[in-house]
Structures are given as structure tokens and as C-alpha cells.
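A.B. asks: So the sequence lines, in the order shown, correspond to chains A and B. With our numbering as the guide, the letters of the first sequence map in order to residues 1 to 343. With our numbering as the guide, the letters of the second sequence map in order to residues 1 to 325.
Where hints are given, some of them may not hold.
Partial pick of chain B residues on the chain A-facing surface, computed with a CB cut under 8 Å [as the list claims (entries may be wrong)]: (1) A33; (2) M68; (3) G69; (4) N165.
In short, the hints are calculated from the structure, not lab data. For each residue, glycine too, the CB sits at the ideal point set by N, CA and C.
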Amino acid sequence: MAKDKKDKKKESAVSAPALTLEQKLDLYRVQVELRQFEKRAYDLFLENFVKGTSHLSIGQEAIAAGFAAAMRPDDWTFATYRGHAHTLARGVPMTPVLAELMGRENGLMAGKGGSMHLTSVEHGVMGSYAIIGAHLPIACGAAWSAQYRGTDQVAVCFFGDGSTNIGAFHEALNFAAVWKLPVIFVCENNLWMEYTRTTEVTAVENPAADRASAYGLESIIVDGNDADAVYEVASAAISRARAGDGPSMIEAKTYRHFGHSRADPGKYRPDDEVAEWLKKDPIPRYHQRLLKEGATEQQLTAIEASVAAAVDRATEEAKAGKAPSPELLMKDVWADGGSQWRN
Amino acid sequence: MAQLTFREAIARGIAQEMRRDEKVVFLGEDIGAAGGVFKGTVGLLEEFGGVRVRDTPISEQAILGAAMGAAMTGLRPVAEIMFSDFFAVCWDIVVNEIAKSRYMTNGQMSFPLVIRSGNGGGLRFGAQHSQSVENWAMMVPGLKVVVPSNAVDVIGLMAASIRDNDPVIFLEEKALYASKMEVPDGEILDTLGTAKVLRQGSDATLVALGNMVPRALLAAEELASRGISCTVVDVRCLVPLDTQTILREVSATGRLFTIEENPRLCGWGGELASIVADEIFYDLDGPLVRITTPHIPLPAADVLEDMAIPSVERIVETVYKSMNS
Numbered sequence: 001m002a003k004d005k006k007d008k009k010k011e012s013a014v015s016a017p018a019l020t021l022e023q024k025l026d027l028y029r030v031q032v033e034l035r036q037f038e039k040r041a042y043d044l045f046l047e048n049f050v051k052g053t054s055h056l057s058i059g060q061e062a063i064a065a066g067f068a069a070a071m072r073p074d075d076w077t078f079a080t081y082r083g084h085a086h087t088l089a090r091g092v093p094m095t096p097v098l099a100e101l102m103g104r105e106n107g108l109m110a111g112k113g114g115s116m117h118l119t120s121v122e123h124g125v126m127g128s129y130a131i132i133g134a135h136l137p138i139a140c141g142a143a144w145s146a147q148y149r150g151t152d153q154v155a156v157c158f159f160g161d162g163s164t165n166i167g168a169f170h171e172a173l174n175f176a177a178v179w180k181l182p183v184i185f186v187c188e189n190n191l192w193m194e195y196t197r198t199t200e201v202t203a204v205e206n207p208a209a210d211r212a213s214a215y216g217l218e219s220i221i222v223d224g225n226d227a228d229a230v231y232e233v234a235s236a237a238i239s240r241a242r243a244g245d246g247p248s249m250i251e252a253k254t255y256r257h258f259g260h261s262r263a264d265p266g267k268y269r270p271d272d273e274v275a276e277w278l279k280k281d282p283i284p285r286y287h288q289r290l291l292k293e294g295a296t297e298q299q300l301t302a303i304e305a306s307v308a309a310a311v312d313r314a315t316e317e318a319k320a321g322k323a324p325s326p327e328l329l330m331k332d333v334w335a336d337g338g339s340q341w342r343n
Numbered sequence: 001m002a003q004l005t006f007r008e009a010i011a012r013g014i015a016q017e018m019r020r021d022e023k024v025v026f027l028g029e030d031i032g033a034a035g036g037v038f039k040g041t042v043g044l045l046e047e048f049g050g051v052r053v054r055d056t057p058i059s060e061q062a063i064l065g066a067a068m069g070a071a072m073t074g075l076r077p078v079a080e081i082m083f084s085d086f087f088a089v090c091w092d093i094v095v096n097e098i099a100k101s102r103y104m105t106n107g108q109m110s111f112p113l114v115i116r117s118g119n120g121g122g123l124r125f126g127a128q129h130s131q132s133v134e135n136w137a138m139m140v141p142g143l144k145v146v147v148p149s150n151a152v153d154v155i156g157l158m159a160a161s162i163r164d165n166d167p168v169i170f171l172e173e174k175a176l177y178a179s180k181m182e183v184p185d186g187e188i189l190d191t192l193g194t195a196k197v198l199r200q201g202s203d204a205t206l207v208a209l210g211n212m213v214p215r216a217l218l219a220a221e222e223l224a225s226r227g228i229s230c231t232v233v234d235v236r237c238l239v240p241l242d243t244q245t246i247l248r249e250v251s252a253t254g255r256l257f258t259i260e261e262n263p264r265l266c267g268w269g270g271e272l273a274s275i276v277a278d279e280i281f282y283d284l285d286g287p288l289v290r291i292t293t294p295h296i297p298l299p300a301a302d303v304l305e306d307m308a309i310p311s312v313e314r315i316v317e318t319v320y321k322s323m324n325s
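Could you build all of it, start to finish, from the sequences and the hints given here?
C.D. replies: Okay, here's the thing in C-alpha cells:
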């Protein structure tokens with residue numbers, strides 16, 4: 001099954017071509033979508049349409065958008081409980097994602113997973129994992145499968161700064177390096193590990209990048225609030241993985257504008273720190289850059305307006321969804337579709 | 001026909017499936033070059049090569065995470081966790097990830113994988129290398145649990161587990177690795193969720209699992225000489241559970257004795273007793289009796305370990321006393 005990779009190496013080890021203005025406008029649209037979608041999700045919480053919990057990526061959109069732009073449709077995303085952005089960025093429509101948050105039958109998983117477990121195999125979104133660090137080894141497994149079957153798919157695994165102190169992180173890094181797996185580990189370092197400043201509980205300054213050398217990997221840090229910069233490091237790492245040159249780890253510096261989860265107003269963060277990072281908000285930054293690079297204000301406004309209309313439409317469609325039918329309760333524990341454990 | 005040990009049957013079962021399906025891959029600690037610490041996987045690396053039979057670091061979460069990721073993308077991995085006690089360091093991957101992900105994703109994913117592991121006591125290894133953890137696995141929705149008691153069943157149930165589209169915890173009783181039996185040539189394929197009646201009697205039904213099965217058979221022999229005729233049922237598979245066979249055999253004699261190596265609380269026999277009491281209460285002629293390891297960690301010293309795990313003598317005495325009270 002495993003094919004000779006040598007020929008493939010030549011064609012895929014090229015560096016990413018510079019993005020055209022059209023592609024950049026698309027990158028802008030994706031970031032605006034993620035932002036507006038999550039703002040709406042937040043409003044729907046306050047109106048009690050969304051139950052349970054939710055973890056917003058507002059402020060971190062450039063990472064999801066930049067990576068998704070560099071990935072091929074058959075590549076795999078492994079996300080965390082803060083996974084709305086990564087799911088949408090791979091092309092999953094807004095309506096099923098919002099409906100899933102609202103526990104409706106037209107949700108992405110018919111309401112059986114919820115906000116923290118968004119999955120769309122069809123779009124390469126191979127799960128959102130809510131146990132810190134658990135999905136790093138799982139991403140290794142998908143990468144192993146690509147390596148074994150001789151496809152040149154890659155697995156991209158996103159996680160937070162807090163994951164770098166759990167055992168599974170270290171097991172996965174070593175495993176991926178030893179087996180030379182086509183997997184890219186992406187640490188979204190938003191400086192706060194839930195309610196605690198990460199540097200206060202971590203032995204090194206850069207929780208992912210400073211550990212990379214322990215596994216023979218290059219230390220890579222990128223401005224996670226710059227979609228173009230993210231796209232560039234993502235493309236390079238993906239090319240390496242496709243060419244059979246093994247894993248990479250990238251630490252993207254960023255900041256979440258909201259608290260850790262729905263219940264957290266984020267008051268533990270100093271006001272000046274929040275203000276400083278709001279100035280580095282990836283979306284206005286990208287807006288300004290596009291104007292400098294030849295886009296018009298009208299073009300950008302039109303994108304924002306069309307996204308706003310799409311979010312409104314998704315909201316109505318999600319609200320119109322039915323509650324999940326009772327027969328879903330006992331379905332799909334097993335591959336035969338049922339839940340029988342005895343005869 | 002050939003005489004095969006339980007440990008040789010493991011390698012034969014895996015090899016049978018690796019020959020027929022290229023998607024079957026095998027990973028774990030010391031499984032390749034070393035042939036397994038219990039020599040249960042000798043010859044697999046030589047036959048199938050290092051791409052399909054891969055030695056791993058001592059990283060149980062990585063091993064099972066890799067198996068899960070491979071299964072969700074189309075392979076059929078077999079993973080080894082050397083001692084079932086080590087499930088405690090990777091239980092998150094088993095319980096929170098592998099077992100739940102099909103349900104949580106509304107059936108978008110399947111996990112056709114087997115996790116095989118050396119289980120149980122009798123080797124004087126002490127409390128961290130001797131546990132019987134079948135009850136841990138049984139209580140998790142989404143896991144199938146197989147515990148064979150002889151070499152032929154090892155091959156047939158291994159094949160069925162590898163071909164199954166759901167995750168299977170395949171527990172190999174360490175105390176049985178050296179046991180031998182005649183094994184037919186050619187492909188052997190069994191069915192999950194089927195208990196086997198190994199001896200038919202009229203007075204009492206002994207229901208046993210894994211390492212307790214040969215002891216139950218010896219106890220039945222001894223009890224027969226003391227005038228008590230016993231049926232012996234080998235459960236073989238805790239999930240799915242063949243309750244129909246067990247209920248039929250308990251109804252026929254009117255008495256149930258479970259023989260369990262797991263510590264007392266929440267052992268599989270408790271669940272079985274509850275099913276029997278619910279569904280065939282009026283067929284019973286006496287109390288439901290569980291014969292188990294006491295609720296203690298297993299000691300290392302041979303004398304103490306032998307006192308803890310149900311012995312033939314303890315089974316005989318318990319059944320005899322209960323049948324004559």
C-alpha cells in the first residue's frame with residue numbers, strides 16, 4: 001500500500017505562492033465570517049437560544065483562516081472545544097454549526113455533540129476535542145494512516161497554550177517525530193490558560209516553541225493575528241509534511257477578546273493588556289492592509305454586508321430547526337446504528 | 001490440527017487477519033523485534049514487516065490515540081497495551097475519545113480497532129501488574145469487551161474483533177498464556193456476543209469468564225463426584241452479552257453461580273445477577289451467588305495471591321455449601 005514518495009517530493013516541496021488580492025479578499029471574508037458568527041452565537045446565549053457552554057475564538061480568527069487557506073480539501077483538522085472557527089474555516093456552512101450550538105436536529109451532529117465537539121468528516125474536520133491535549137495523539141494516528149496508505153494528506157492539530165503542560169502533548173510530539181508523521185501541531189497561545197497566566201505555570205516563556213527542540217523540531221513563532229503570516233508558515237509546514245519530511249510545531253501568538261468560556265467575563269486580565277491586544281485585532285489590521293494593497297472600501301464593505309446577511313439567514317434557519325427526535329437518543333453507539341449491548 | 005499455546009494463538013489470530021486485509025496494522029511496545037513481552041506476537045514483524053508491525057515508545061496515550069486516528073481514517077489497527085493495569089494512564093483516549101466519538105458525531109465516524117492487553121493475576125506480579133479490569137471496560141458505553149479462555153477462541157474471537165466495525169477491548173488472561181490445546185488448521189472465525197455451554201448439568205449453572213473457565217470446569221468435575229451436576233457457561237464476551245444463553249442455562253438448573261476474577265464491587269457477575277433476578281426470578285430455586293476476588297488490591301506473595309483469586313477448591317466448597325443449605 002505504501003507508495004514510493006520520491007516523485008511526490010518534487011511536486012509538493014515548493015514554497016507557497018504569494019496570495020493574490022482575490023485570495024486575500026477571501027481570507028478577509030473568512031475572518032469576518034468567523035467574527036460575526038461568534039458574535040451572533042454570543043448574543044444567542046444571552047437570549048438563551050444556546051444552552052450549555054461555549055468557548056469563543058473572537059480575536060484569534062487569523063489562525064483558523066490562514067491555516068484553512070493553506071490546506072487541501074482532503075487534509076484533516078483536529079480542533080479543541082474552542083473549535084467553531086476551525087470548523088467554519090474549513091467550509092462547513094454556518095446553519096448546521098449554529099443549529100448544533102442550539103441543540104437542534106438540523107445541527108451538524110443533530111444536537112448530539114454540542115459546541116465543544118463540532119465534527120464534519122465531509123469537510124475534513126475530524127473532531128473537536130474537549131479533553132485538553134487528547135487530540136494530539138489522535139492527529140498522529142490520522143497522519144500515520146496517510147503515511148501508511150501513501151496518500152499525501154496532512155493532519156493539522158490546533159490546541160491552546162494550556163495543552164503544552166499535559167502528558168499527551170509530549171507523548172504525541174515524540175511519537176510524531178520518531179515516526180516522521182505528516183502532522184502539524186499548532187499552538188494558539190492566547191497567553192491565558194483558562195483563568196491563569198500561562199507563563200506563571202509554565203517553565204518556559206514560549207510554551208510550544210521552546211519545547212520544540214526537545215523533539216528535534218524547529219522552533220517556529222508566528223504573529224497569530226496576521227492571516228498572511230499564518231498562511232505563510234502554514235504553507236511551509238504543510239509542504240514539508242506532504243513531502244515526507246515529518247512534523248512541525250508552530251506557536252501562534254494571539255489573544256482572546258472574551259473570557260475562557262461563556263461563564264467567564266475575563267476580569268483577571270489587566271485592562272492595559274486587553275487594550276493593547278485590541279489594537280492588534282486581526283480583522284481591522286487586515287482591512288487596512290487590503291486597502292493599502294489595492295482593495296476598495298466598497299469591496300470590503302460589501303463583504304461585511306454579505307456576511308452579515310448570511311449570519312442572519314443562518315440564525316433564522318437554525319431557529320427554525322426542530323428539537324432532536326427522541327429516536328436519536330439510542331442511535332449510533334455502534335457501527336450498526338444501534339445501541340444494543342445484549343441479546 | 002496442531003497443539004498450540006494460548007500465546008501462539010494470539011500471533012496466529014492476528015496473522016490470519018493481516019494476511020487477508022492490508023488495512024490491518026499492529027502497534028505497541030516491544031511487539032515487533034521482541035515478539036511481545038509475553039511472546040504473544042512472535043513472527044509478525046518477520047512476516048509483515050516494519051511498516052505494518054510497529055514498535056512504539058512507552059507512550060500509552062500515543063499508542064491508543066494513533067490507533068483511534070488511524071481507525072477513523074480507514075485502517076483497522078490492533079494496538080497492544082502490555083498490561084491491562086496500564087489502561088489507567090490512557091483511559092481518557094479509551095473512554096472519552098474512542099468510546100464516545102461515534103455517538104457524539106451522530107454516526108459520522110467509525111472506530112474499527114482492537115486494543116489487546118494482558119489481564120489478570122496468578123503470576124505473582126503484585127498489585128500493579130495483575131488486575132482484572134474487565135469491569136472497567138464493561139461499564140463504558142461504546143466498547144465491546146472480549147475475554148477468551150482458550151487458544152481456539154483466541155483465534156476466532158480475535159478475527160471477529162478485527163473484522164468488527166466497533167472498538168473492542170480484547171483481554172488476554174496472562175495466567176492462560178502457557179495453556180495448550182489442539183487447534184484446527186485453516187481460517188478460524190468466531191462470533192462476538194456468543195457465550196458457550198461447555199458442560200451440561202442439572203443442579204447448578206456456573207458462569208465463568210477467562211481464567212476462571214478452566215477452574216469452573218475442574219470444580220464441576222469435583223462437584224459431580226460429590227453428587228452435584230453442574231452446567232458450565234463460558235461468557236467469552238461481556239459486551240455484547242449473550243444473556244439468552246445464560247438465562248436459558250440458569251432457568252434449566254434454577255441456580256446461578258458467577259465465578260469472577262475481578263474484585264467484588266461492580267464485577268460483571270453483579271450485572272448478570274441483576275438481569276437474572278429481573279427476568280427469570282420465578283425459575284430460581286435458591287440465591288444468586290457470586291464467587292469473586294475479595295475487594296482488595298492483589299498481593300504479590302504466592303500464598304496470598306492464591307487465597308485471593310477464586311480457586312477450584314473455593315468454587316467447589318462455595319457451591320457445595322450453598323446447594324446443601
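A.B. asks: Check each numbered hint against the structure and report the violated ones by number, ascending.
C.D. replies: 1
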